[in-house]
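If you read the sequences in order, they're chains A and B.
If you use numbering that gives the first Met the number 0, the first sequence corresponds to residues 0 to 502, in order.
If you use numbering that gives the first Met the number 0, the second sequence corresponds to residues 0 to 344, in order.
Don't read these hints as lab results, they were simulated from the structure.
For each residue, glycine too, the CB sits at the ideal point set by N, CA and C.
Treat the hints loosely; a few may be bogus.
[To be verified] Far from chain A, by Cβ distances over 12 Å, these chain B residues were calculated:
#	residue
1	Gln231
2	Leu274
3	Arg313
[As the list claims (entries may be wrong)] In the EDC-like style, the derived pairs of lysine to aspartate or glutamate whose C-alpha atoms are separated by at most 16 Å in a straight line are:
#	chain 1	residue 1	chain 2	residue 2
4	B	Lys172	B	Asp228
5	B	Lys172	A	Asp489
6	A	Lys488	B	Glu166
7	B	Lys137	A	Glu72
8	A	Lys488	B	Glu169
The lines below spell out each chain.
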Amino acid sequence: MELEKLLKEHFGYQRFKTGQKEVITSILSGQHTLAMLPTGTGKSLCYQLPGLLLNGQILIVSPLLSLMQDQVEQFKRFGEKRVIALNSFLSGQERQDAFNHLNEYKFIFTSPEMLKIPSILRKLQELTIALFVVDEAHCISQWGFDFRPDYSKLGEIRKKFGNPLTLALTATATTKVREDIIGSLDLEEVVKIESTIDRPNIGFYVKELDDFRDKQATILDLVANLKMPGIIYFSSKKVAEHMALVLTEKGICQAMAYHGGLDQNTRILIQQQFIYGQLDVICATSAFGMGINKENVRFIIHYHMPMQIESYLQEIGRAGRDGEPSIAILLYTRGDEQLPLQLAESELPSELQIDWLFKSNEEKILKDGKVTLNRELMNLGGFSEIQWRIVEDFVNNSSVETINYEQIQITIKEFVKERLATKKNNIFRMKTWIESNTCRREQILRYFDETLHEVVNPCCDICGIQLNDYQRIHSSNIPSEKVTEQTWKDYLAKILINSELRE
Amino acid sequence: MQQIESIILYCSNQINRERTIYSIYHLLNGKKSSQTIQDAHLFSLKKFFGIYDQLSREDFEEIIQGMLNKSWMKIIGNHRYCLTSHGMTLLEAGQLPEYINGWNYNHVTNLFWERLSLLIQVVSNIMFGETKYIPIQKNQEVHKWIKFFLKNVNIPKIEIGSTAYSELLECFKAGSSVDPSLVVFRLTGFHQIGLTPHQAARQLNLNIHDYQIGFTNTLHYLLSYIKEDGKQYKILPYLIYDLMQNDELTLTTRKTQRLLNQGYTLDMIANIRKLKLSTIEDHLVELALNMEGFSIDSYVDKELQKEILEISQRIATKQLKLIREKIMNATYFQIRLVLAKYGDR
Numbered sequence: 000m001e002l003e004k005l006l007k008e009h010f011g012y013q014r015f016k017t018g019q020k021e022v023i024t025s026i027l028s029g030q031h032t033l034a035m036l037p038t039g040t041g042k043s044l045c046y047q048l049p050g051l052l053l054n055g056q057i058l059i060v061s062p063l064l065s066l067m068q069d070q071v072e073q074f075k076r077f078g079e080k081r082v083i084a085l086n087s088f089l090s091g092q093e094r095q096d097a098f099n100h101l102n103e104y105k106f107i108f109t110s111p112e113m114l115k116i117p118s119i120l121r122k123l124q125e126l127t128i129a130l131f132v133v134d135e136a137h138c139i140s141q142w143g144f145d146f147r148p149d150y151s152k153l154g155e156i157r158k159k160f161g162n163p164l165t166l167a168l169t170a171t172a173t174t175k176v177r178e179d180i181i182g183s184l185d186l187e188e189v190v191k192i193e194s195t196i197d198r199p200n201i202g203f204y205v206k207e208l209d210d211f212r213d214k215q216a217t218i219l220d221l222v223a224n225l226k227m228p229g230i231i232y233f234s235s236k237k238v239a240e241h242m243a244l245v246l247t248e249k250g251i252c253q254a255m256a257y258h259g260g261l262d263q264n265t266r267i268l269i270q271q272q273f274i275y276g277q278l279d280v281i282c283a284t285s286a287f288g289m290g291i292n293k294e295n296v297r298f299i300i301h302y303h304m305p306m307q308i309e310s311y312l313q314e315i316g317r318a319g320r321d322g323e324p325s326i327a328i329l330l331y332t333r334g335d336e337q338l339p340l341q342l343a344e345s346e347l348p349s350e351l352q353i354d355w356l357f358k359s360n361e362e363k364i365l366k367d368g369k370v371t372l373n374r375e376l377m378n379l380g381g382f383s384e385i386q387w388r389i390v391e392d393f394v395n396n397s398s399v400e401t402i403n404y405e406q407i408q409i410t411i412k413e414f415v416k417e418r419l420a421t422k423k424n425n426i427f428r429m430k431t432w433i434e435s436n437t438c439r440r441e442q443i444l445r446y447f448d449e450t451l452h453e454v455v456n457p458c459c460d461i462c463g464i465q466l467n468d469y470q471r472i473h474s475s476n477i478p479s480e481k482v483t484e485q486t487w488k489d490y491l492a493k494i495l496i497n498s499e500l501r502e
Numbered sequence: 000m001q002q003i004e005s006i007i008l009y010c011s012n013q014i015n016r017e018r019t020i021y022s023i024y025h026l027l028n029g030k031k032s033s034q035t036i037q038d039a040h041l042f043s044l045k046k047f048f049g050i051y052d053q054l055s056r057e058d059f060e061e062i063i064q065g066m067l068n069k070s071w072m073k074i075i076g077n078h079r080y081c082l083t084s085h086g087m088t089l090l091e092a093g094q095l096p097e098y099i100n101g102w103n104y105n106h107v108t109n110l111f112w113e114r115l116s117l118l119i120q121v122v123s124n125i126m127f128g129e130t131k132y133i134p135i136q137k138n139q140e141v142h143k144w145i146k147f148f149l150k151n152v153n154i155p156k157i158e159i160g161s162t163a164y165s166e167l168l169e170c171f172k173a174g175s176s177v178d179p180s181l182v183v184f185r186l187t188g189f190h191q192i193g194l195t196p197h198q199a200a201r202q203l204n205l206n207i208h209d210y211q212i213g214f215t216n217t218l219h220y221l222l223s224y225i226k227e228d229g230k231q232y233k234i235l236p237y238l239i240y241d242l243m244q245n246d247e248l249t250l251t252t253r254k255t256q257r258l259l260n261q262g263y264t265l266d267m268i269a270n271i272r273k274l275k276l277s278t279i280e281d282h283l284v285e286l287a288l289n290m291e292g293f294s295i296d297s298y299v300d301k302e303l304q305k306e307i308l309e310i311s312q313r314i315a316t317k318q319l320k321l322i323r324e325k326i327m328n329a330t331y332f333q334i335r336l337v338l339a340k341y342g343d344r
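Bound conformation, chain B alone:
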């Protein structure tokens, strides 16, 4: 079984017939919609949020079709699927990538990779005394970062290569379930150009989806290792310099939050920001999901909150429509707010 299939089985089981299969696609893609962000929380799927943004819809559909053909899942309605007993057995036996942490790292994964690959290329060329080469990364931000690194790193030039080498080696040694090859063969050095994802997948005999997920898993491993245990290192901590801010809110939601704090009503905010009211409501749902102390009391009466929670638990659903049918005096917005605030805990 492929890794991507285990992940999809796991996600399908978590969403428990309450969303279409495409909600999983959006999740893996890291779609920045309130719905997807909320789903990640409600169904405890945060670690898979945005772990595979290169996945195309066509490829996703092909994978799903394959799983249907193998009778791991079956159709139960419009784009809704559930696991068959065979699928359940596989799910229990299957392994999920150990270190993947989409929610915390998806927005920094690419930048981290760009830094790592440029770092190795630059260090390698320094070691071989080469100054004329084409940088493998074009992002100007990353170029600025490498200059900052070279100015501040506190190692004699002659040792910089061997230090980078031993730090990476040590770092990988601690993670028994990751395969460093997935990342290392992609690296470029002096007169040695790294492989493309497809080339690396072929060389390692992996299917491209499993390769991509394994690559991300390995990068997330590095990220968390450097963050937790990297302090004794001289080079690697630069890779996460300025990267690990608490970045859970989208930018637009943060703007709404600022106005909210200044005491504007939702209608006024919609007016000021020239956005639809429903968009502002989405932002509030996002705030309810992410901000520990965010109070929803001014939008949903305490009594109603209780009622919604009870219904949701009684009929064991997170589908808004079903809840709404039972409590007609609640709006969808109110139901979403309540589920967002209490759903995951």
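Chain A on its own, in the form it takes in the complex:
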């Protein structure tokens, strides 16, 4: 058919992955669409392909700057040059250039923060938005694990564009969150395309251990035997660094740590080394994985407990994209939930901080027709970036005449209380999953209101999985050798001279 032809011509794929064709057909027939597709099924194709057929621009709202950058690069790699990311990375000049030629772009990525800036919004309103795409749409919902207050205003923004055709995309959203997305975007008739969250080729294995020493020893043992490559997730940069060092120094494999504390150049190199097989294992924090397409990841190990089932699913979803059997192992010791609980609290402003901000420092709130919080208060009150953004979001842009600080103070506190309760509940459900003794796959599906139709085998440790099945057979799949003692001349010749071309 027509669509398959386009797919082959423009993207070089033979056939669609699960759900893609349904989403594209729905969009092309002019219906608002909510698509929940598992991670790694190529969500961006769902708007990239319609973009070739629709008149007007495709506006994609995305929450993460780094992700946006990756997507733009992917587009360019596959020959689509009419793409731009409007974000704070652009210099003044670049932004001006972009604005002057905005209608020459077909795909415009932007963030909710950018859409709040009136001049940018006006520029975009001049265009014909053929499709309004909300990526990572679960960020809209208070019940979502990654709620972003900015996202909840996308409904209003959508109206300002004259209610364009809309596609909401997510990989992990419970029924409640999906309802929230539709409500918040104010979509009346929606086609829902929800492919199963299940990834049958990924097995689950939870291992309870005595303490962290036991965990480290277990990691060494697992990595020494499992098929590679793999990713080990940590909640702490320090532990990730340490583990990578131990794995390398003991000669078990080539491993590197990856976390937000590294500079951009190093992050790019490590990502690419992993993709090209120069590294066997990445010891990562949750900063790693977005936008990384590596097909043959064989294992995901969690050293620390994730904050919720949704992010767990997203992280293990990076295994086995080639369809081959892969294993997700979670290591648990009693009391592990303390770390996520602490993290959850640290992401929200404390009651003390809120009181301080509103009590003693009211006069430090700048008045300029509209209220803007003085950024100095952020340091004085010991707010982190994330905490500050929450407070700012409630206070900023209120008008000076009508603002009621007491009311805002109460609202913020209520908000914080609710968020904390949601997060604690998420952690609790994660813990329940870890401790349970019924099929792990079935429980995850139930969490997303799905039922397991077919028996998956191998399935999980409860159903009786054998870790041996995921181990490497000794002669094959040995860890990458350390770069041999080649000279710099050899190295340079290797990359610059293609010996097959020499005649």
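Using the hints provided, position chain B relative to the given structure of chain A.
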């Protein structure tokens, strides 16, 4: 002894007890303050200006502590140190990086590296017929530059890899004391990703500080070689295209200079630019340091200039406070101007 330690010994000896140890930190970091810029001139330390901007304060302090523990230096006052006789012996025996030239190159070193690494990646992928890959450098300026290069370079596509290879080989052959591995293993090519600084240091068995300094030394070697002897090459000169302007003044100082030339007084300039008078004075000191013919006569009376110079030479110091104690009718600004203009020559 580590390279970074030799450099610190050398710098400490040059500043000769007249500055705190942190002035060396600021120097290595390339801090754009008039004080640091002036120090680089006064104590003849220009070649080390800004050669290691990734060095953190904590790491610096750790290195200093190590040198104190080994009794290479001793404390003589508040954050002031001097070399012990053991330190002096080491200094004389120690080797400094031969090609490092912070003053001339620190502001272009990073851009040069970004260009070199993108160039090699692009050329390599051309040679292997690959068009789909993630550029290792994100800087849009460098992307524009590579397009400019590809459009203008005058070599058949098929030879571009081997030409780049032989040009680099020849270039490195002339520098006997540099180790090309420090740079080459960081390069990315077709299906072969370069190492991070830490990985490269580990592979070459170097401590990270020595690695970073060696890396910069090698890049500076390349920069100067291409600049001086690169004309016969077809590819390498593009790496320094538009890079080698005479860029000694900071941007803000240049603005002040423009107003000065239009005849404004210092107070007026401070007013126009909405800056403190002391900042404008800093700019003048910078001008006195860098501009050969810059006259300070309208700010310091000729007689006073002479007096300040004499005192400075007699008591053999460049510490403003000591000079000021002897000549109470000179301001600090005037003393700084005089030292800036005549200090280094």
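Hints versus structure:
no.: 1; hint: Gln231; result: holds (19 Å)
no.: 2; hint: Leu274; result: holds (21 Å)
no.: 3; hint: Arg313; result: holds (48 Å)
no.: 4; hint: B:Lys172 x B:Asp228; result: holds (13 Å)
no.: 5; hint: B:Lys172 x A:Asp489; result: holds (15 Å)
no.: 6; hint: A:Lys488 x B:Glu166; result: holds (12 Å)
no.: 7; hint: B:Lys137 x A:Glu72; result: holds (10 Å)
no.: 8; hint: A:Lys488 x B:Glu169; result: holds (11 Å)
When the structure is compared with the earlier hints, no violation turns up for any of them.
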